[in-house]
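Student: The chain contents come next:
2 protein chains.
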Amino acid sequence: MLSKNKLKYIQSLRLKKYRQRNNAFIVEGVKMVDELLQVGKLEIECICAIPSWIETYKPQSVLVKETLIPVNEKELKQLSNLKTPNQVLAVVKQADSIINFSSIEKSYNLYLDNIQDPGNLGTILRIADWFGIPNVICSPTCVEVYNPKVIQSSMGAFHRVHCMNEELEKITTSLPNLSILGAVLDATSIYTTNFPKAGLLVIGNESQGISINIKKLITHQISIPRYAKGGAESLNAAVATGIICAHIKSL
Amino acid sequence: MLSKNKLKYIQSLRLKKYRQRNNAFIVEGVKMVDELLQVGKLEIECICAIPSWIETYKPQSVLVKETLIPVNEKELKQLSNLKTPNQVLAVVKQADSIINFSSIEKSYNLYLDNIQDPGNLGTILRIADWFGIPNVICSPTCVEVYNPKVIQSSMGAFHRVHCMNEELEKITTSLPNLSILGAVLDATSIYTTNFPKAGLLVIGNESQGISINIKKLITHQISIPRYAKGGAESLNAAVATGIICAHIKSL
Numbered sequence: 001m002l003s004k005n006k007l008k009y010i011q012s013l014r015l016k017k018y019r020q021r022n023n024a025f026i027v028e029g030v031k032m033v034d035e036l037l038q039v040g041k042l043e044i045e046c047i048c049a050i051p052s053w054i055e056t057y058k059p060q061s062v063l064v065k066e067t068l069i070p071v072n073e074k075e076l077k078q079l080s081n082l083k084t085p086n087q088v089l090a091v092v093k094q095a096d097s098i099i100n101f102s103s104i105e106k107s108y109n110l111y112l113d114n115i116q117d118p119g120n121l122g123t124i125l126r127i128a129d130w131f132g133i134p135n136v137i138c139s140p141t142c143v144e145v146y147n148p149k150v151i152q153s154s155m156g157a158f159h160r161v162h163c164m165n166e167e168l169e170k171i172t173t174s175l176p177n178l179s180i181l182g183a184v185l186d187a188t189s190i191y192t193t194n195f196p197k198a199g200l201l202v203i204g205n206e207s208q209g210i211s212i213n214i215k216k217l218i219t220h221q222i223s224i225p226r227y228a229k230g231g232a233e234s235l236n237a238a239v240a241t242g243i244i245c246a247h248i249k250s251l
Numbered sequence: 001m002l003s004k005n006k007l008k009y010i011q012s013l014r015l016k017k018y019r020q021r022n023n024a025f026i027v028e029g030v031k032m033v034d035e036l037l038q039v040g041k042l043e044i045e046c047i048c049a050i051p052s053w054i055e056t057y058k059p060q061s062v063l064v065k066e067t068l069i070p071v072n073e074k075e076l077k078q079l080s081n082l083k084t085p086n087q088v089l090a091v092v093k094q095a096d097s098i099i100n101f102s103s104i105e106k107s108y109n110l111y112l113d114n115i116q117d118p119g120n121l122g123t124i125l126r127i128a129d130w131f132g133i134p135n136v137i138c139s140p141t142c143v144e145v146y147n148p149k150v151i152q153s154s155m156g157a158f159h160r161v162h163c164m165n166e167e168l169e170k171i172t173t174s175l176p177n178l179s180i181l182g183a184v185l186d187a188t189s190i191y192t193t194n195f196p197k198a199g200l201l202v203i204g205n206e207s208q209g210i211s212i213n214i215k216k217l218i219t220h221q222i223s224i225p226r227y228a229k230g231g232a233e234s235l236n237a238a239v240a241t242g243i244i245c246a247h248i249k250s251l
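Protein chains in written order, with this note's numbering: chain A, 1 to 251; chain B, 1 to 251.
Source of the hints: derived by calculation from the structure; they are not laboratory data. Among these hints, one or two may not hold up.
Since the list can't tell identical chains apart, any single copy or any two copies may satisfy a pair.
As the list claims (entries may be wrong) - List of simulated lysine-lysine pairs, BS3-like, C-alpha gap at most 25 Å:
id	residue 1	residue 2
1	Lys-41	Lys-31
2	Lys-229	Lys-41
3	Lys-249	Lys-229
4	Lys-31	Lys-229
5	Lys-106	Lys-4
6	Lys-149	Lys-83
7	Lys-93	Lys-77
8	Lys-106	Lys-74
9	Lys-229	Lys-197
10	Lys-8	Lys-215
11	Lys-149	Lys-41
12	Lys-17	Lys-83
13	Lys-229	Lys-106
Owing to the predicted nature of the structure, the values given are computational and were not obtained by experimental measurement.
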């Protein structure tokens with residue numbers, strides 16, 4: 001049964017403050033929770049589900065015996081962050097996210113400078129997942145990866161892509177030979193750039209682009225060519241990430 | 001002064017039904033309204049603005065003399081669809097959107113099959129704008145282009161990209177030799193596809209992909225290669241659009 005305290009606790013996880021205090025976050029919906037159980041890497045605090053979900057998932061119920069809380073539709077609605085709650089919601093422990101510097105040196109990874117839109121961060125995690133990019137490093141000013149909108153729009157990519165917060169300067173100090181590529185307006189076209197074998201691709205904020213402090217650390221400025229007759233000012237940050245990642249991986 | 005009737009009318013334009021009945025839509029914020037006035041192509045019904053905006057835009061006020069309604073911050077908040085209203089809001093007449101078949105035959109254009117997310121449609125309009133793609137044709141089931149979230153996320157691209165609704169079958173009947181390219185999973189890689197000189201690129205629905213009726217009309221099935229070790233199921237529809245448009249334009 002869902003206690004009043006539990007309800008209050010789960011609702012509190014809508015706010016970053018309480019997610020950080022409790023080191024927990026929310027995963028919602030049949031598909032997302034299914035993947036959570038299948039991947040089995042993250043520690044589950046509890047699963048709140050309506051009877052139809054519990055019935056369907058009975059074979060797996062050994063996994064969640066201790067932590068399964070049956071709820072009714074009304075209670076699920078009170079707990080949920082979604083407009084249309086979908087049968088089940090899990091409270092999950094946040095994973096440690098320590099940078100593995102040697103993994104960063106070996107391949108292409110992403111550095112996000114002050115990305116603010118949770119949908120963009122989720123979409124960028126999906127891009128990293130699709131293109132086999134192991135690490136997405138966020139500046140400390142980025143929207144939090146455990147924001148419910150990031151988790152839901154990542155479509156499960158947060159299970160497979162290693163996401164962490166770090167200052168770029170700390171990375172370049174530890175890895176002084178690392179190529180830092182920055183997507184900016186009006187630099188060398190990605191189609192004529194001689195790409196290094198590995199590097200960190202920096203994507204800037206949705207409206208301000210890459211910040212001054214981070215621009216200083218960039219070793220390769222690159223651009224997506226524009227074919228417009230005028231007007232178009234920029235591409236969406238996630239779209240730009242997708243175009244550059246697709247191109248680098250195709251080389 | 002903002003009359004009660006005007007307030008009610010502008011608020012009603014949040015709903016598709018009233019936007020269609022009145023053939024009007026909303027454009028909000030300093031940057032968007034500035035562009036609206038500069039481009040000057042769309043008929044403006046009225047502009048509601050706070051005193052600071054009116055003061056700044058005085059030189060242009062001849063444009064909006066008849067139609068300028070001074071409002072206070074509280075009234076703007078009542079009118080606005082934004083969380084943080086930004087000084088000004090315009091009510092604009094919808095433009096006619098008739099397909100120019102000869103323009104569709106000559107270059108690459110987009111066909112959106114049942115795109116539901118307004119943010120995705122706005123982002124796709126921005127992509128078309130950036131890559132100089134003149135027409136974005138939406139299936140009649142797509143989210144409406146005059147939805148406030150589409151307009152705001154298009155960042156002004158709706159001024160430059162010709163967007164209309166039409167059944168794909170009507171287009172292929174009129175243009176039987178037109179190449180119809182469809183982005184699907186596990187078809188020929190875009191990097192090995194021999195792209196025709198012109199064509200209509202079909203982008204499918206966010207969760208269902210391209211519908212069966214439209215799949216039948218596709219002449220070239222293409223895919224963005226996946227490099228993941230497993231898990232990643234798809235890319236966001238706008239990201240996929242961006243990757244394919246960037247690649248075609250780079251050829």
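Student: All the hints need checking, so say for each whether the structure fits it.
Tutor: Hints and how they fare:
{"no.": "1", "hint": "Lys-41 with Lys-31", "result": "within (16 Å within a copy, 46 Å between copies)"}
{"no.": "2", "hint": "Lys-229 with Lys-41", "result": "between (49 Å within a copy, 16 Å between copies)"}
{"no.": "3", "hint": "Lys-249 with Lys-229", "result": "between (29 Å within a copy, 14 Å between copies)"}
{"no.": "4", "hint": "Lys-31 with Lys-229", "result": "between (43 Å within a copy, 19 Å between copies)"}
{"no.": "5", "hint": "Lys-106 with Lys-4", "result": "neither (49 Å within a copy, 64 Å between copies)"}
{"no.": "6", "hint": "Lys-149 with Lys-83", "result": "both (12 Å within a copy, 17 Å between copies)"}
{"no.": "7", "hint": "Lys-93 with Lys-77", "result": "within (22 Å within a copy, 39 Å between copies)"}
{"no.": "8", "hint": "Lys-106 with Lys-74", "result": "neither (49 Å within a copy, 55 Å between copies)"}
{"no.": "9", "hint": "Lys-229 with Lys-197", "result": "between (34 Å within a copy, 20 Å between copies)"}
{"no.": "10", "hint": "Lys-8 with Lys-215", "result": "neither (43 Å within a copy, 48 Å between copies)"}
{"no.": "11", "hint": "Lys-149 with Lys-41", "result": "within (21 Å within a copy, 37 Å between copies)"}
{"no.": "12", "hint": "Lys-17 with Lys-83", "result": "both (23 Å within a copy, 22 Å between copies)"}
{"no.": "13", "hint": "Lys-229 with Lys-106", "result": "between (40 Å within a copy, 17 Å between copies)"}
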